[in-house]
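There are 2 protein chains.
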Amino acid sequence: MSNLLNTTAAATTVVITPEELLRHWQGHRSLTRRVIEAFPENEFFSYSIGGMRPFYEMVIELIDIAGPGIHGIVTNEWSRLPEGDHSVNSFAKTKKEVLHRWDEITAQINSLWPLIPPQRFQEVIKSFEQYEGPAYSSLLYFIDNEIHHRAQGYVYLRSLGIQPPFFWDREF
Amino acid sequence: MSNLLNTTAAATTVVITPEELLRHWQGHRSLTRRVIEAFPENEFFSYSIGGMRPFYEMVIELIDIAGPGIHGIVTNEWSRLPEGDHSVNSFAKTKKEVLHRWDEITAQINSLWPLIPPQRFQEVIKSFEQYEGPAYSSLLYFIDNEIHHRAQGYVYLRSLGIQPPFFWDREF
Numbered sequence: 008m009s010n011l012l013n014t015t016a017a018a019t020t021v022v023i024t025p026e027e028l029l030r031h032w033q034g035h036r037s038l039t040r041r042v043i044e045a046f047p048e049n050e051f052f053s054y055s056i057g058g059m060r061p062f063y064e065m066v067i068e069l070i071d072i073a074g075p076g077i078h079g080i081v082t083n084e085w086s087r088l089p090e091g092d093h094s095v096n097s098f099a100k101t102k103k104e105v106l107h108r109w110d111e112i113t114a115q116i117n118s119l120w121p122l123i124p125p126q127r128f129q130e131v132i133k134s135f136e137q138y139e140g141p142a143y144s145s146l147l148y149f150i151d152n153e154i155h156h157r158a159q160g161y162v163y164l165r166s167l168g169i170q171p172p173f174f175w176d177r178e179f
Numbered sequence: 008m009s010n011l012l013n014t015t016a017a018a019t020t021v022v023i024t025p026e027e028l029l030r031h032w033q034g035h036r037s038l039t040r041r042v043i044e045a046f047p048e049n050e051f052f053s054y055s056i057g058g059m060r061p062f063y064e065m066v067i068e069l070i071d072i073a074g075p076g077i078h079g080i081v082t083n084e085w086s087r088l089p090e091g092d093h094s095v096n097s098f099a100k101t102k103k104e105v106l107h108r109w110d111e112i113t114a115q116i117n118s119l120w121p122l123i124p125p126q127r128f129q130e131v132i133k134s135f136e137q138y139e140g141p142a143y144s145s146l147l148y149f150i151d152n153e154i155h156h157r158a159q160g161y162v163y164l165r166s167l168g169i170q171p172p173f174f175w176d177r178e179f
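Heads up: the protein sequence lines correspond to chains A and B, in order.
First residue of the first sequence? That's 8 in this note's numbering, and the numbers climb one at a time after it.
First residue of the second sequence? That's 8 in this note's numbering, and the numbers climb one at a time after it.
What the hints contain is simulated information worked out from the structure, not anything from laboratory work.
Keep in mind that the hints are not guaranteed to be accurate.
Label pairs and their in silico Cβ distance ranges [said to hold, decoys possible]:
no.	chain 1	residue 1	chain 2	residue 2	range
1	B	Glu111	A	Glu64	35 to 45 Å
2	A	His107	B	Glu90	22 to 32 Å
3	A	Ser94	B	Lys103	40 to 50 Å
All C-beta atoms in this analysis are idealised placements derived from N, C-alpha and C, irrespective of residue type, glycine included.
Isolated chain A (complex conformation) (with noise of 0.2 Å):
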């Protein structure tokens, strides 16, 4: 009895709502995207530390999640995530034109999110082909991912002498 009342309290516990978690990944990515509009636009293509991508690969590859994955958290049809230059976002050329994908996607994932049926957030995907658990989980890493990446951009803005935006600072 005391194992089903817990059963029960843990399956009505709200942590986070749909909507709530949607907020949280646009707020981070608002954050990214004006991290990406503090780099120099000549640095955004080249500067590198200790042999790490530029940061103009690592949000390639932040746009090549973040497109096909919200896509295929709501219909759960994935194909491979593409790798170097096989992407076709790695084509942009400018800051301009990455700035721009990066808004088609935002948009993207606001008119499809409230299409991933209830039942997904708790069912095991693979997402990408190849990555195995709870489709909540591939969205934390989505956003992990992002987190993880934008941080070493922070890291290249104060080598370039340049302050990044605030991390607390999610408004958009």
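Using the hints, position chain B against chain A.
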């Protein structure tokens, strides 16, 4: 009627359970622990890029947040975050001491987590007497802030010629 159905569906959608969020956090903490371990002793305390803090100081911040943070989420009792040398944790003088404190906090989180009142996650709190919002957003902030600073540690390591642990490896 359609609105009522939607509201009911939203209220019962489980995005992530408390247990899953705990596991998610501890997975990140396990990775951060391995990033601390990857630093050479001296560089952990002194290495810096672009005028940023040494990784040690960032880790002390994470410890100052996580310990009192989980206590505050459970009890809703808060005090302000210490600044700089005011942290009792900043007296650690070796990596070993920092890792020991890290492990104590890990155990504390595991033991206190089940005591979080189920309604707390959605309750508006004022964490550290400063940051107002639903408790889930504070918890996500703790995690996001850890990912953010750990990723800066990744750049420090790469710049030192050291291969960091894989970002996706959250086994613990």
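Verification of the supplied hints:
no.: 1; hint: B/Glu111 - A/Glu64: 35 to 45 Å; result: 39 Å, holds
no.: 2; hint: A/His107 - B/Glu90: 22 to 32 Å; result: 41 Å, violated
no.: 3; hint: A/Ser94 - B/Lys103: 40 to 50 Å; result: 43 Å, holds
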